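K.L.:
Residue-level listing of the chains:
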Amino acid sequence: MDKTKKPLPSIVWPLAALGLILLFNLIFTDGFFSITIKNGHLFGSLIDILKRCSPTMIMAVAMTYVIATSGIDISIGSILAISGSVAALLVWGGNTSYLSAGADVQPAALFFIIVVPLLVSMVLGAFNGLMVSVVGLQPFIATLILMVAGRGMAQLLTGGKVLNFSHKGFEFVGRGYLLGIPFPFIIAVLVIALAALLTKLTPMGLYIQAVGGNKTASHYSGINTRMVIFLVYIFSGFCAGIAGLILTSDITGADAGFMGLYMELDAILAVVIGGTAMSGGKYNLKGTIVGVLIIQSLTTTILTRGVPPEYTLLVKAVVVLAVLIIQSKRTSDFIEKTTAKVSKAGAA
Amino acid sequence: MISAAKLGFSRRNLPIIATMTVFVVLYMIGGMTFRGFLTNRVFFNLLTDNAVLGITAVGMTFVIFTGGIDLSVASVVSTTAMIVAVMTQAGVPNLFVIICAILFGTLLGLVMGFIIHYFDAPAFIVTLSGQFFARGFGYILSLDSVPIQYDFYQKASSFGIRIGNGKLTLPAIILLVVIALGIFISKKTKLGRNIYALGGNEQSALLMGLPVGKTKIIVYTMSGFCASLAGFVYTFYTLSGYGLAAIGLEMDAIASAVIGGTLMTGGYGTIFGTLIGTLIQGVIKTIISFHGELSAYWIKIFVGGMLLSFILLQRVFVAGSGKRD
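Residue numbers (this note's numbering), protein chains in the order written: chain S, 1 to 348; chain W, 1001 to 1325.
Careful: at least some of the hints might be erroneous.
[What the hints assert, rightly or not] Straight-line C-alpha distance at most 27 Å; calculated DSS-like pairs for lysine-lysine:
(1) W:1190 / W:1214
(2) S:286 / S:200
(3) S:215 / S:286
(4) S:329 / S:286
(5) S:329 / W:1214
(6) S:215 / S:329
(7) S:337 / W:1214
(8) W:1167 / W:1155
(9) S:161 / W:1285
[What the hints assert, rightly or not] Cβ pair distances, simulated, as ranges:
(10) W:1309 / S:222: 31 to 37 Å
(11) S:342 / W:1181: 47 to 53 Å
(12) W:1176 / S:279: 35 to 41 Å
(13) W:1024 / S:307: 52 to 58 Å
(14) W:1201 / S:330: 21 to 27 Å
(15) S:178 / W:1312: 43 to 49 Å
(16) S:307 / W:1180: 42 to 48 Å
(17) S:31 / W:1290: 57 to 63 Å
Hints were generated in silico from the structure; no laboratory data involved.
Nothing here was measured: the structure is a model prediction, and the numbers come from that model.
Yeah, the Cβ is synthetic: ideal placement off N, Cα and C, and Gly gets one too.
Could you put together the complete structure from these sequences and hints?
P.N.:
The following block contains the structure:
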């Protein structure tokens, strides 16, 4: 027997869960893995998963770092709605008389349609960061403010209506394909790459874990803890802004009341399923990516299998609980004890 | 010199005093701006219209006292109403319907509390899957709105004790009873002290030999019970069950507790504060509906602004007394 057994890396369980879902589809769902090319675009269930998970993926990446600083950001769903509403307003040229027939609509330049919502989202993220780092509020409460007020602001922007539009250039963000790959997924990959580079090439990753592990100790060891926390929330706002652009562009409309509703919970769920502890101090970016893929492939599986959509939530509840319980210390202790007993019995 | 503490103005009481002041000021603003605002009717309607939120918030406040959170309450409210609707439609005896409806949330809370304690799992995620479960269960019962046609609910929704030109309705009475029970449990019972101790410092509570695990499980069960009761009360207004009802109520309940002076880190707060926190949100809604021209989304912006100012106030007064995040 190998006595110097290393503990399993924490990504094993999420990967196993994802593997199980894919295996299930390999056996039971015909054509789940087939990828065809239609009009020069890749097409298939797997591609669909990658496209649909992109907004959550982008927000979950940022959430990973927020949670690593032992924080949480529940305002991203509302920031997403604001970002989308601002973008839709700009497509309408900021002209609020858009619904009156024959109104002369002059859309803003594409550059502004994309940059202004992102800037607004970063400002909102900065507000969260300020509240958490400088004022010293608990992250849940600090971001609860914008979660509640933000949705009201988004509805105020759109006048409480659903803002539909058509704009070729902007629609590419959520609906376009680059080299056959859905453009939202390319954005998600870029965000992941950016995040990974920033945390690996600079000491930022280390700082984030240090702040999450012990804020006071990090402060005394010379880390500007306030700045670290502040930047993490700005990044979170930025990512929510991108997700807002993708969703708005994809459905060619902004529904301020419902856009991104409960998406913050999905992002947090993905992070935790991926093995990042909510107590902070450590993060697992790969785990988060797997976590997002688990949630989305689960949803897609349920839909493609023709299960009535009302069962989606039940299945999701069961899977989340299962992953949570498998990852818990009590379960791993139990497995360790049992295997020890079995090997002892085997030896005797 | 008379110390401020003797007058009840100790730092401990400042958040609740501030909360009550804001409530009174808001109410006066409403009274001075609109005719007919300072009537019994408006006040009792305030209790009636916010009974569901208030009852849910009491359970939520107990959970927050322990430093936990319960994200499942909103979906429990809507699914309980759905259970009542579906079972009544199927002709199940009313008493049995009520028992089943109340048991649904209570049992869900019990199970969640057990998982949180036994597997040492984060409450946020466990109650989030509780939310998925309850909402999903509601969808399975019916995707459409199910009407409740039964004398009991018709009567219950029109029942009330007249006071002046106001009416103390059944939801308002249930709200007041739940608040009174909540205050009693938090102030006068061993359970209440254990709950505060657990939220203050779980490690110390454990070392002191307090039943930490049992207390945790009880608290989530209580929250589930309150949510189910609120869902039952909800049917008096709507006389129907609908799977998408009460979306976002959990955040309103958390806001009630926080505006009422409860600290999210646990160990500090009052049930009475939660009542005032609920009523403040109610007054904002009433003022906006009296105004008539302001749209409903202003409510969210105002409540957000209230949250901000209360939290900053707490930061100034409570943080000084040694309780930090």
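K.L.:
Can you confirm whether the C-alpha distance between residue 215 of chain S and residue 286 of chain S stays at or below 27 Å?
P.N.:
Satisfied, since the Cα-Cα distance of roughly 25 Å is no more than 27 Å.
K.L.:
Using the C-beta atoms of residue 307 of chain S and residue 1180 of chain W, is the stated range 42 to 48 Å upheld?
P.N.:
For residue 307 of chain S and residue 1180 of chain W the Cβ distance comes to about 46 Å; the hint holds.
K.L.:
Holds or violated: 47 to 53 Å for the Cβ distance of residue 342 of chain S and residue 1181 of chain W?
P.N.:
holds, 51 Å
K.L.:
Take a quick look at whether residue 329 of chain S and residue 1214 of chain W sit within 27 Å of each other, Cα to Cα.
P.N.:
holds, 20 Å
K.L.:
Within a Cα-Cα threshold of 27 Å, do residue 215 of chain S and residue 329 of chain S meet the stated pairing?
P.N.:
Measuring from Cα to Cα gives roughly 25 Å; hence the hint holds.
K.L.:
Taking 52 to 58 Å as the hint, is the beta-carbon distance of residue 1024 of chain W and residue 307 of chain S inside that range?
P.N.:
holds, 53 Å
K.L.:
Are residue 31 of chain S and residue 1290 of chain W spaced within 57 to 63 Å by their CB atoms?
P.N.:
Holds, since residue 31 of chain S and residue 1290 of chain W (Cβ atoms, about 59 Å apart) stay within the stated range.
K.L.:
Is the gap between the beta carbons of residue 1176 of chain W and residue 279 of chain S within 35 to 41 Å?
P.N.:
holds, 39 Å
K.L.:
Holds or violated: are the alpha carbons of residue 1190 of chain W and residue 1214 of chain W at most 27 Å from each other?
P.N.:
Distance of about 13 Å is within 27 Å: holds.
K.L.:
Is it true that the CA of residue 329 of chain S sits at most 27 Å from the CA of residue 286 of chain S?
P.N.:
holds, 21 Å
K.L.:
Within 43 to 49 Å or not, the Cβ separation of residue 178 of chain S and residue 1312 of chain W?
P.N.:
Taking Cβ atoms as reference, residue 178 of chain S and residue 1312 of chain W lie about 46 Å apart, which means the hint holds.
K.L.:
Starting from residue 337 of chain S, check that the Cα of residue 1214 of chain W is at most 27 Å away, please.
P.N.:
Distance ~26 Å between residue 337 of chain S and residue 1214 of chain W Cα, so the pair holds.
The earlier numbered hints are all upheld by this structure, with none contradicted.
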